[in-house]
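First to last, the protein sequences are chains A and B. Per the working numbering, residue 2 is the first one in the first sequence, and the count goes up by one each step. Per the working numbering, residue 10 is the first one in the second sequence, and the count goes up by one each step.
If a hint is listed, it holds; no wrong ones were tucked in.
Residues from chain A shown here face chain B by an in silico Cβ test under 8 Å; the list is partial:
1) I13
2) G16
3) S179
4) E192
5) E193
6) S195
In the DSSO-like style, the derived pairs of lysine-lysine whose C-alpha atoms are separated by at most 30 Å in a straight line are:
7) B:K276 x B:K255
8) A:K170 x B:K189
9) B:K232 x B:K276
10) B:K131 x B:K45
11) A:K170 x B:K194
12) B:K88 x B:K255
Calculated from the structure, these hints are not laboratory results. Cβ atoms here follow ideal geometry from the backbone N, Cα and C, with glycine treated the same way.
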Amino acid sequence: MHLEWGFFLRDIGDGETTYLSWLFSAWGWTLAVAGCAWVLALLLGSVVGTLRTMQVTWVARLANAWVELFRNIPLLVQIFLWYHVIPSLIPPLRDVPSFVLVVFGLGLFTSSRVAEQVRAGIQSLPHGQRHAGMALGLTTAQTYRYVLLPMAFRIVIPPLTSEAMNIIKNSSVAFAVSISELTLFAMQAQEETSRGVEVYLAVTTLYIITAMTINRLMALIEKRVRVPGYVGGDR
Amino acid sequence: MKKTISLSATLSATLSAIILGATLSAPVLAQTTLKKVQDSGEITMGVRESSSPLSFTLGNGQFAGYHIDICHAIIENIKKTVGKPVTVKYTPVTSQNRIPLTQNGTVDLECGSTTNNATRQKDVSFGLTTYVTEVRMAVKANSGLTKISQLNGKTVATTTGTTSVQHIRKHKNAEKVSFKEVFGKDHADSFLLLESGRADAFVMDDNLLAGLIANAKNPKDFKIVGETLSVEPIAIMIRKDDPGMKRIVDITIRGLMDSGELDKLYKKWFLSPIPPKNTTVNLVMGATLKGLLKDPNDNPMESYAAK
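Please work from the sequences and hints to get the whole structure.
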């Protein structure tokens with residue numbers, strides 16, 4: 002198989018952009034979509050996951066409904082709902098850029114998965130910890146803040162790592178709503194240049210580099226926040 | 010015997026093609042298509058799922074269309090040449106895999122909607138041009154848009170993975186109009202962008218636009234307008250460096266053109282109701298294709314742009 006990489010330096014036809022600079026701008030869009038969606042997913046997922054473990058029934062039910070809603074609909078369908086259906090029901094949303102809509106779509110989808118992991122982390126703690134907090138006279142909020150969540154988050158770092166790597170790959174659905182990220186670049190550039198193998202190799206490499214960087218970053222965080230004698234720190 | 014002569018002629022052509030192929034380049038296949046068909050008794054037609062009316066599925070593994078009819082005529086002539094019955098197999102292909110599948114021998118005769126351009130000619134070979142598509146734009150009938158220059162500040166839709174993207178990019182640059190581009194993931198999606206008002210125009214091959222409009226809820230709400238951004242010859246694709254096969258394909262097409270059969274096929278697929286919904290594409294033959302019927306060629310797209 003003969004590979005030829007020269008086309009990356011060629012102009013895409015507008016007189017200023019080369020395929021290489023387009024590739025890097027596409028990488029930027031992938032990082033932007035995934036990054037913004039991850040911040041949203043982590044914030045909402047933590048809140049919803051915590052609420053699911055509350056003793057107040059209606060709050061837990063509401064949080065359960067959130068998780069089931071966003072994890073039972075296929076991601077691509079959710080993206081289309083955000084892009085085509087919701088703006089036609091709420092006209093002011095028409096002027097919202099598709100970037101924002103896809104960040105919401107991807108962020109809320111991932112938030113339901115993060116919420117499940119946070120809930121699992123909290124529920125894996127012995128009941129005694131919650132009771133100890135209450136016995137000390139802490140309010141519910143204080144029990145979560147100082148007793149439960151610090152341990153629960155340490156426990157769920159490994160599954161959160163996979164989730165953070167997943168969101169990079171899942172961000173490829175953004176091509177369907179016209180965000181010019183890596184997948185859209187791959188589909189378009191391979192058609193224009195007829196060098197599909199090289200284009201997909203380059204794009205795959207960038208996906209791998211991104212996901213691996215996140216993996217190493219999360220491993221570093223995992224190491225730094227270890228508590229001696231507790232989860233992950235007993236060495 | 011006549012048959013023996015044509016058979017030995019084919020074999021010697023085959024043989025010389027093998028030697029020629031082996032010395033000039035490193036071919037993927039060490040045999041020609043005709044030899045392969047003769048040995049296996051079957052030929053594989055590359056078809057499209059939804060390139061109506063050129064090549065599309067009717068369901069249940071059935072494929073039909075303008076290019077498929079032409080390919081059946083070619084296969085009739087191949088049968089005569091190899092002198093035995095040939096089974097036709099259908100393999101659906103996509104824009105992404107049609108060239109590799111033709112090169113590696115999975116597909117012997119690609120009957121879809123492939124643009125013949127210079128880049129592709131490095132990898133594959135094309136029959137005489139049988140259809141010419143013009144890249145134009147579809148707009149809402151009440152929008153008042155008629156020219157590319159009116160698109161300043163508007164939103165223009167096109168489909169990811171098509172050559173139309175390049176054309177609007179070039180045009181945008183040349184005319185100094187600034188518009189926003191949105192990309193649908195397939196033609197139906199791009200049309201939805203136009204229908205729902207997210208885009209003001211949809212730039213694509215006119216035959217595809219006509220097909221989408223014909224199948225829209227209210228076909229009268231849309232029209233095809235504007236100058237031609239690009240003229241693209243669409244042709245049947247075969248393997249490169251296979252003169253025997255190329256000759257049969259071209260002789261058949263030329264025959265269809267001379268006898269007026271091709272014109273009838275055009276009327277059948279473009280101007281009459283076609284399955285599955287019995288709608289009419291309603292696209293009259295353009296001047297470029299009319300000229301090609303009189304004076305056929307297999308020139309790539311680049312030679313049209315020079316005009």
